[in-house]
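Participant: One letter stands for each residue in the lines below.
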Amino acid sequence: MESKLLLRGALVGALAGLLAFVFARIFAEPQIQAAIDYETGRDAVQAVLDKSAGLPAGTADPDIFSRTIQANLGAGTGMIFFGVAVGALFAVAYAVCLGRVGNLQPRALALLVAAGGFLAVYLVPFVKYPANPPAIGSPDTIKDRAGLYLLTVFCSVLFLVAVVWLGQRLRKRFGNWNASVLAAATFVVAVGTMMAILPPLGRLAVNDQQSGYHTTETPLPLTDASGTIVYPGFPADVLFDFRLYSVAAQLILWATIGLIFAPLAERLLHSPRGAVPVEQIAASG
Amino acid sequence: MTSIPAPSARPTPVVLPVSKAVLWLASTAIIALALYYFIGVDQGAVSVFGNDMHLHEFVHDARHLLGFPCH
Chain A
50 MESKLLLRGA LVGALAGLLA FVFARIFAEP QIQAAIDYET GRDAVQAVLD KSAGLPAGTA
110 DPDIFSRTIQ ANLGAGTGMI FFGVAVGALF AVAYAVCLGR VGNLQPRALA LLVAAGGFLA
170 VYLVPFVKYP ANPPAIGSPD TIKDRAGLYL LTVFCSVLFL VAVVWLGQRL RKRFGNWNAS
230 VLAAATFVVA VGTMMAILPP LGRLAVNDQQ SGYHTTETPL PLTDASGTIV YPGFPADVLF
290 DFRLYSVAAQ LILWATIGLI FAPLAERLLH SPRGAVPVEQ IAASG
Chain G
77 MTSIPAPSAR PTPVVLPVSK AVLWLASTAI IALALYYFIG VDQGAVSVFG NDMHLHEFVH
137 DARHLLGFPC H
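For the protein sequence lines, the chains are A and G, in the order given. Taking the numbering used here, the leading residue of the first sequence gets 50, the next gets one more, and so forth. Taking the numbering used here, the leading residue of the second sequence gets 77, the next gets one more, and so forth.
These aren't lab readings, by the way, just hints derived from the structure by calculation. Among the clues, some could well be false.
To be verified - Here are the simulated DSBU-like pairs of lysine-lysine, each with C-alpha atoms no more than 30 Å apart in a straight line: (1) A:221 x G:96; (2) A:53 x G:96; (3) A:177 x A:192.
This structure is a prediction, so every number in the text was calculated from the model and none was measured.
Model the full structure from these sequences, guided by the hints.
Facilitator: This is the structure in structure tokens:
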């Protein structure tokens, strides 16, 4: 039974990753290309400035794969396997939640677990450390940024699990509705506190010395020795569109997982051979 | 029809006994987390393949899109 659920979760995840990739390939890839073009132009101007200032030229990024491979095969593979990973984790969470989170039907539970996954694994971390296109993000801070991002994901998942447990404890005393509202409010306070404590990326030690007061790593305009702007800051519209499409791609991914898994799980759980007999439920408590 | 519990009495139609399924659930979670790590993080901040950039460069666009820090 559990292996069937898990396999379905992983397969549904692969399909969800594929759909999210198709969306991203159409809408987000042009924004990624615009960001790379911005970066290329900026690097060229920076090289001229460095040369006139007598500084050594920087080394370029390695081009192991062409842009065509990265944008199609690479991005597709990455998103499908990401879908498999979160689909499998979704199924694990679903199996654990079955029968332990109140009087929910299999389909409703699938949608709720998927919504929780979208919220805790992606949306909460995104609010603190939003997705960035290429050209944004200093190579010097990658260790700090990766650590902070994963910490945010871990904490927001932990908080969600904790408040679901809390909601179950409060249910008997306050009723379903009030317990849910109290649990949700607790989640918001915990997440808000975490966001207030963690540093903005622009305030990391390396960035603080370089850019003065600037709370993000989004490139500011490039100026020459006299302070004249010789290359613009990162285009705001490209950044907005990229982030919008990043959220939309994740929304498609998690919605697909929830909506496709729901009927599969219901069929599995309600089939005469799949369902666990009542006596066994009573015995396992 | 003892296999389909009545909707009202029990919390949900079916409960999986986690004590019996724990091996399946735990091993799936570990494999899935490893996959999440290799798609999102490896060869960036930390790398299990040493100083190689093939995986990072291959899934580069996916990392940016999925919200992982990159570069």
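Participant: Determine for every hint whether it applies to the structure shown.
Facilitator: Quick rundown of the hints versus the structure:
Our distance criterion of 30 Å between C-alpha atoms is met by residue 221 of chain A and residue 96 of chain G, whose separation comes to about 28 Å. Restraint check for residue 53 of chain A and residue 96 of chain G: satisfied, since their Cα atoms lie roughly 14 Å apart, inside the 30 Å limit. Restraint check: the Cα-Cα separation between residue 177 of chain A and residue 192 of chain A comes to about 17 Å, which is no more than 30 Å; the hinted pair holds.
Violated hints are absent here; each numbered hint is respected by the structure.
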